[in-house]
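Top line first, the protein sequences correspond to chains Y and D.
When we follow this note's numbering, the leftmost residue of the first sequence carries the number 1, and every step to the right adds one.
When we follow this note's numbering, the leftmost residue of the second sequence carries the number 140, and every step to the right adds one.
The hints are simulated quantities; they were obtained by calculation from the structure and are not laboratory data.
Incorrect hints may have been included.
Stated by the list, open to error - So the derived label-pair ranges between C-beta atoms look like this:
| hint | chain 1 | residue 1 | chain 2 | residue 2 | range |
| --- | --- | --- | --- | --- | --- |
| 1 | Y | ARG43 | D | GLY154 | 28 to 34 Å |
| 2 | D | GLY189 | Y | ARG43 | 32 to 38 Å |
| 3 | Y | LYS115 | D | GLY154 | 26 to 32 Å |
| 4 | Y | ASP127 | D | GLY189 | 16 to 22 Å |
| 5 | Y | ARG31 | D | GLU202 | 29 to 35 Å |
| 6 | D | THR142 | Y | ALA10 | 37 to 43 Å |
| 7 | Y | PRO135 | D | GLY164 | 44 to 50 Å |
Said to hold, decoys possible - Coverage of chain D stretches by chain Y, computed from C-beta distances (three or more under 8 Å per stretch; other residues unrestricted):
| hint | segment |
| --- | --- |
| 8 | 145-159 |
| 9 | 197-208 |
Said to hold, decoys possible - Here are a few chain Y residues that face chain D, going by a calculated C-beta distance under 8 Å:
| hint | residue |
| --- | --- |
| 10 | ALA10 |
| 11 | CYS13 |
| 12 | TYR20 |
| 13 | ASN55 |
| 14 | VAL59 |
| 15 | MET64 |
| 16 | ASP77 |
| 17 | ILE78 |
| 18 | VAL81 |
| 19 | TRP99 |
| 20 | ILE101 |
Model, not experiment: these values are computed from the prediction.
Glycine included, each C-beta is placed from N, C-alpha and C at the ideal position.
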Amino acid sequence: MLKISPETYAQICANGEFAYPDEGVGLLLGRHGETRAVSAIIRLQNAREDDARRNRYLVTPQAMLSAEREAEERQLDILGVYHSHPDHPNLPSQFDLEWAIPWFSYLITTVDSGKALESRSWRLKEDRSAFVEEPVQIG
Amino acid sequence: MATLKIATPLRSYTGGLAEVHLEGGTVADAISDLTTHYPALRGQIFNPEGKLRAFVHLFVNDEDIQHLQGMDTPLGETDRVMIIPSIAGG
Numbered sequence: 001m002l003k004i005s006p007e008t009y010a011q012i013c014a015n016g017e018f019a020y021p022d023e024g025v026g027l028l029l030g031r032h033g034e035t036r037a038v039s040a041i042i043r044l045q046n047a048r049e050d051d052a053r054r055n056r057y058l059v060t061p062q063a064m065l066s067a068e069r070e071a072e073e074r075q076l077d078i079l080g081v082y083h084s085h086p087d088h089p090n091l092p093s094q095f096d097l098e099w100a101i102p103w104f105s106y107l108i109t110t111v112d113s114g115k116a117l118e119s120r121s122w123r124l125k126e127d128r129s130a131f132v133e134e135p136v137q138i139g
Numbered sequence: 140m141a142t143l144k145i146a147t148p149l150r151s152y153t154g155g156l157a158e159v160h161l162e163g164g165t166v167a168d169a170i171s172d173l174t175t176h177y178p179a180l181r182g183q184i185f186n187p188e189g190k191l192r193a194f195v196h197l198f199v200n201d202e203d204i205q206h207l208q209g210m211d212t213p214l215g216e217t218d219r220v221m222i223i224p225s226i227a228g229g
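Based on the provided sequences and hints, a complete structural model is requested.
Take a look at the structure:
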């Protein structure tokens, strides 16, 4: 289960709404255990070219290197990635599957006409064949 | 003996370790040592053809090895290697 504090979830939604009509992206930080408790985020720059940012996101390895260091300094784990699907259901795409990493939680938020509606979280199977949904709890 | 920092999503393949110490004079030697000790990591780092996966990047002291000598980049005792995934989706 992915448990997200209300304050952090509000930041995730705000990020998706601010980025609209492009995809917003960032990292989920917190503690790893039987329940993954998300207590903070790191907003990241969507490095895709202008005309691709509405349905694609990219975070450069240099940005990931900085994020790893920030998480280490804050003594938190990077638990996964969040991104928004502007005017699109919160289901992972084939492209999401091809680039996903097992273990990470992938939280996808539908942003409809600029308003964040609902989020669902997915984790890639070890054999990379499919995503499995994980429950999300806000609170 | 260089130090290798393991990114969070890969720690499940190293028994939870965030850092390991590796033998080898080059990045290729060190990664070979790593995957010998943690064979489950091999499939996450390399594709079936034995090439680094597209989303896997190796840094030595904050410099991407693509800007150094690639897998032949030499390693000293105090060098710090990091495996960093780039993140993409749609």
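| request: List in ascending order the numbers of the hints, as given earlier, that are violated by the structure. | output: 3, 10, 11, 12
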